[in-house]
Amino acid sequence: MTDTPHEGRSALHRAVSSVGRFADAQWRFARDCIIAFGGLVDLLRETLRWCVEGIIRPRGRLGRATLLQQMVRVGVRSIGIVVLVQIFIGIIIALQMAPTLQQYGQLERVADVVGIAVVRELGPLITAIVLSGFAGASIAAEIGSMVEGEEIKALRAHAMNPVRFLVVPRFVATVIMLTGLSVIADLVGVIGGMITAVFVLDLGAEVYVEFTRQALKLSDFYGGLAKAAVFGVTISMIACYEGFNVKGGAEGVGRATTATVVKSIVSLIAVDVVFTIVFYVFKI
Amino acid sequence: MDSNAVISIRDAVKSFPDRDGEPVRVLDGVSFEIHRGETLVIMGGSGCGKSTLLNCLIGEYRIDGGSIAYHTSDMDRPRDLAAVDEVELDRIRQRFGILFQSGALFNSLTVSENVALPLREHTSVDPAVIDIIVTLKLQQVKMLPHRDKMPSQLSGGQKKRAGLARATALDPEILFYDEPSAGLDPVTSAAIDELMMDFSKKLHVTSVVVTHEMDSAFRIADRMVMLEKGRVLRIGKREEFEQLRDADPGTLLGDAEQLLHQFLNGASTGPLTDRDGLSMFEKLIIQG
Chain A
80 MTDTPHEGRS ALHRAVSSVG RFADAQWRFA RDCIIAFGGL VDLLRETLRW
130 CVEGIIRPRG RLGRATLLQQ MVRVGVRSIG IVVLVQIFIG IIIALQMAPT
180 LQQYGQLERV ADVVGIAVVR ELGPLITAIV LSGFAGASIA AEIGSMVEGE
230 EIKALRAHAM NPVRFLVVPR FVATVIMLTG LSVIADLVGV IGGMITAVFV
280 LDLGAEVYVE FTRQALKLSD FYGGLAKAAV FGVTISMIAC YEGFNVKGGA
330 EGVGRATTAT VVKSIVSLIA VDVVFTIVFY VFKI
Chain B
630 MDSNAVISIR DAVKSFPDRD GEPVRVLDGV SFEIHRGETL VIMGGSGCGK
680 STLLNCLIGE YRIDGGSIAY HTSDMDRPRD LAAVDEVELD RIRQRFGILF
730 QSGALFNSLT VSENVALPLR EHTSVDPAVI DIIVTLKLQQ VKMLPHRDKM
780 PSQLSGGQKK RAGLARATAL DPEILFYDEP SAGLDPVTSA AIDELMMDFS
830 KKLHVTSVVV THEMDSAFRI ADRMVMLEKG RVLRIGKREE FEQLRDADPG
880 TLLGDAEQLL HQFLNGASTG PLTDRDGLSM FEKLIIQG
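These protein sequences, in sequence, are chains A and B.
Position in the first sequence (from 1) plus 79 gives the number in the numbering used here.
Position in the second sequence (from 1) plus 629 gives the number in the numbering used here.
Calculated from the structure, these hints are not laboratory results.
Quantities reported herein were computed from a predicted structural model and do not represent experimental measurements.
Any given hint could turn out to be false.
Here are the in silico distance ranges between beta carbons for each label pair [as the list claims (entries may be wrong)]: (1) A/I135 with B/D705: 24 to 32 Å; (2) A/I135 with B/V754: 19 to 27 Å; (3) B/H833 with A/I135: 34 to 42 Å; (4) B/G865 with A/R110: 43 to 51 Å; (5) A/R143 with B/D844: 44 to 52 Å; (6) A/I158 with B/P774: 39 to 47 Å; (7) A/I158 with B/L738: 24 to 32 Å; (8) A/V151 with B/V642: 43 to 51 Å.
Glycine included, each C-beta is placed from N, C-alpha and C at the ideal position.
Could you put together the complete structure from these sequences and hints?
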């Protein structure tokens, strides 16, 4: 179909064309989302297959060395920034809640609020968001550069599966390290709240620890860790998928890193909503 | 399939969707055979389908129709790439090596680790023996002094040499070269050509070279294939192509010969540039 020159069109024609173009754009967006979701599921399925294969038939030091390298890159190098952010989160929650709790004469309950908010929700979520920018973007950029440099093609041509060689170590490292970092995040977040309670709200450290202990159940902690593991799956899959689908040279690599961060954050929040609904329904 | 053929391509068809999702044929019924031990040069202008054909030959793309049959020395019967599963495809891949345009070395590994990788992955050879093999392979391409360097520390020619050492790590029967002279100065390009001829003569490998560098092509080829619009325009011995290149344009019969003559001589005027698709403006620029 050829476009009629703009000047010759009636107002009705232009309006209908605009609606058509809008609908077409929405359809393309929806189609792209469905294709990307299918690709992600496919990548996850293949990654899990190679993980199982790796457990049944471990293949020497190459995989382990890469895994350790990735764990350092994803996890160890992120510890500083996670600690800093979680201390701030602990301080913010304590200061935000203190005036309201004071009104009800329940200032000690600031420990409950900080503990539950950090351990159930903000520890894993904020750590995952930090990691999506810190590790997710770098994984996408690294794999994208390998696509552009024909390294992925070279792997396949040498009969080496890129999912096994590149995705599996990054997937396992992200899941393990995000879960581990969440434990640190929980602890540091609570400490941030305690620092505020002791130095600003004049509460005793023992009182704060006791209230935190009473408020938190073991299931809160495990629930948070389960979330963190799924967040790790989400970030690593999105980052690897975006990396593998890089097109258009350096500009494409840049687009992939941005897309990884944006899509990861949206997906993390969506996954968190699902977790929260499930936890609410099953009273976990 | 000819008993001397190591690869037989029959009516290979490959299409890719355009922006509207309509399939566009990039390979349109390509047929020819690659003989054991020969150096075959695949050439053609940009967009003629030679890179797609190479990608189909190495199993990167699956063809939509026809067949690409391999018959390496370890096979009791020819295996069609279009019909094999991933496991079988990987087994076939271990029988060939590829030198990529950019070298495609793994940037996170040193030169020697790059060469050792296929050996570590596909053999159960002792690490000490792997080290000896790596030393030999690097010696063959004169890269031994650079064995501990990272790819980022190498020049373009050195990357290709290291890539060649990696491609030959498993002693392949077939070597594919994707634009081996691209981006190299004439001296380095000639040195790479020498290495390719060395491998053909000493190791008796079959070489398949995709290039549009005519000097290099005439130096190394036993036979040549010219692709045009996804089809084989001409296949023959190097001498036939040399005759065509040096022929007086007035004695050439038909469009195909005229087109080949223009391509082989790198002339700016001729049927290649007079085809539909060129605007009047472009024609004026080309004709000066």
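Now the hints, each set against the structure:
The hinted window of 24 to 32 Å between A/I135 and B/D705 holds, with their beta carbons roughly 30 Å apart. Restraint check, A/I135 to B/V754: a C-beta distance of roughly 23 Å satisfies the suggested window 19 to 27 Å. Evaluation of the 34 to 42 Å hint for B/H833 and A/I135 yields a pass: the beta carbon distance comes to about 39 Å. Separation of B/G865 from A/R110 is about 47 Å and conforms to the stated range, judged on CB atoms against 43 to 51 Å.
Separated by about 48 Å at the C-beta atoms, A/R143 and B/D844 satisfy the suggested range of 44 to 52 Å. Between A/I158 and B/P774 the Cβ separation comes to about 40 Å, which falls inside the hinted range of 39 to 47 Å. Distance hint check: the CB atoms of A/I158 and B/L738 are about 27 Å apart, consistent with the given range 24 to 32 Å. In this structure, A/V151 and B/V642 meet the distance hint of 43 to 51 Å, their C-beta atoms being roughly 48 Å apart.
Checked against the numbered hints above, the structure breaks none of them.
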